[in-house]
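My request is simple: use the sequences and hints to build the entire structure.
Note that the protein sequences, when read in sequence, are chains A and B. The opening residue of the first sequence carries number 198 in my numbering; numbering runs sequentially from there. The opening residue of the second sequence carries number 19 in my numbering; numbering runs sequentially from there.
Note that these hints are calculated values from the structure, not bench results. Please note that the accuracy of each hint is not assured.
[Claimed, not checked] To give an idea of the chain A side of the interface with chain B (calculated C-beta under 10 Å), a few residues:
1. Thr399
2. Ala481
3. Phe515
4. Lys529
5. Thr576
6. Gly618
Fair warning: this is a prediction, and the values are worked out from it, not measured in the lab. C-beta atoms are modelled at their ideal positions from N, C-alpha and C, and glycine is treated no differently.
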Amino acid sequence: MSGLDLPLREQAGAIATGELDPGALLDESLARIEERNPAVNAVVETFPERSREMLEAAPEGPLRGVPVVIKDEWPLPWRAQRFGAAEMLRPVEPGESAPFRALRDAGAVIVGVGNMHEAGAGSTGNISVYEPARNPWDTERCPGGSSSGPAAAVAAGLVAGAVGADGIGSIRFPAAYCGLTGLKPTFGRSAMEGHHMGAITTMIVSGPLCADAADARLLGSALYGEELVAGSAEGLRIGVVRDEVSEDVSPEVAEACETAIEQLRAESGGEVREVALAELPASALAAVLIANVESLDGIAPERLNRLSPELSPIYRGFAKYRMLMPAAAAVKAARVRDLMRRRVAGLFEEVDLLAWPTVPAVAPALEAPLVELPSGTLTADQANVRGAGLANLTGIPAISVPVGRGAGGLPIALQLQAAWGRDELLLDAAEALERANGREWVECRP
Amino acid sequence: MEATDNYLVGGLAELGIEADEVEMGVIRVAHQLFWPAILELLALDVGEVGPEANPDLSKAP
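Laid out in structure tokens, this is it:
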């Protein structure tokens, strides 16, 4: 077996003990990108000399010599981010972003930049200035967005770990569609400095995308700048919401997630409680409105008359529509945030986790990203945001874990959410679930 | 429909934002998707909970 097919933690371990040559591993990763990337378009740029320089200078950190991919959302010292778009609304330059520094200081080697949905504005990954990334499970299907490339890179075995960003589900959606474990940290816990919206966003966080929870813990520790210590997942009180997020989902998703919740309950010796979260639909819209308002920071209307024609029509039209959203709605969205933070804080006195499907259906077709749900046909974006916005709106951490396979063998995923700062519990719970299902889903490969 | 177009076309014009036909098509679809939900949001009563002063999103309120 190639060293590249080892889990991230085993690559790091084998390099540390001298069993694996990190130079050979880097060459192998570059060769695999050359071989497999044309089919998935996950990696939009490599820079072998820069990667070799990173390896030569790599400190004895926990990720020394391990190749990783970083989303096209942060600057690197030798490359400005493009944000998956033909142009950005504000000028950006190359630089040392905090995720870059975190990876470098942990000894990791950035082997390439990951594709992403244009301007981070979609849950599918089907629009990008680089052309869309493709789902390694079925290259006619969406890989999920906006961290489409990082997820597709890991699922295709180009690297064992990648760094994404999550503003409204943008780590969790591609993790779900590609059968990976994706962690959205508590707001403010992970490296963000250097992001072009870092000073204004109250929604976006960086986070890891890996095959399983142990790898996400290791890569996440680098991004958090602290060890995400493993703890106990005993006696978990799991809250489920009988709402559209768990009811208006495809039957195969409902069944797999219910099975997984029961497995997690049994493994932890805990209990499942039904809880109410009446304003959940409003929280999704509030999250969208706040994200949209924040994206307008510093943008004069006149700037929108000079958008590049290379930007997609959807981006150009929506950028202009944002200017028409009523200020009263933005203020109300902030009030909904206050309300939901209190609601969620109250819920986390009763339960340790909230659990519902990450996305309501398996990855849709790239050509037409629509999903068939009990309520009818929706765009994937409409459907996906319903279960994802709460974590970004309130700041709580969330994780997406693979829990089954649906139509066409495509992955199904469960989302777990915990109280602020309990990111480690999510990883503990994800590991407990892996034990409960015999690691069946995290060890599946396309 | 006329009111919608007045809002969209007039609003953009007031802001000095130009939009071609393709962009206007996107804007109309976006409005159809968002506006009902925005009206629902505006009607939502959140009076039971007062505003959180300077919320720290990394912590519970």
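Evaluation of the interface hint that places threonine 399/A against chain B, nearest CB under 10 Å: Result: holds, 6 Å to nearest chain B Cβ.
Restraint check, 10 Å cut-off on beta carbons, for lysine 529/A near chain B: holds (5 Å)
Interface hint for glycine 618/A, Cβ within 10 Å of any Cβ on chain B: At about 7 Å, which falls below the 10 Å cut-off, the nearest Cβ of chain B leaves the hint on glycine 618/A intact, so it holds.
Minimum beta-carbon distance criterion (10 Å), alanine 481/A to chain B: At about 9 Å, which falls below the 10 Å cut-off, the nearest Cβ of chain B leaves the hint on alanine 481/A intact, so it holds.
Chain B contact restraint on phenylalanine 515/A - CB to CB distance below 10 Å: holds (6 Å)
Restraint check, 10 Å cut-off on beta carbons, for threonine 576/A near chain B: holds (8 Å)
Hint violations for this structure: none, all hints satisfied.
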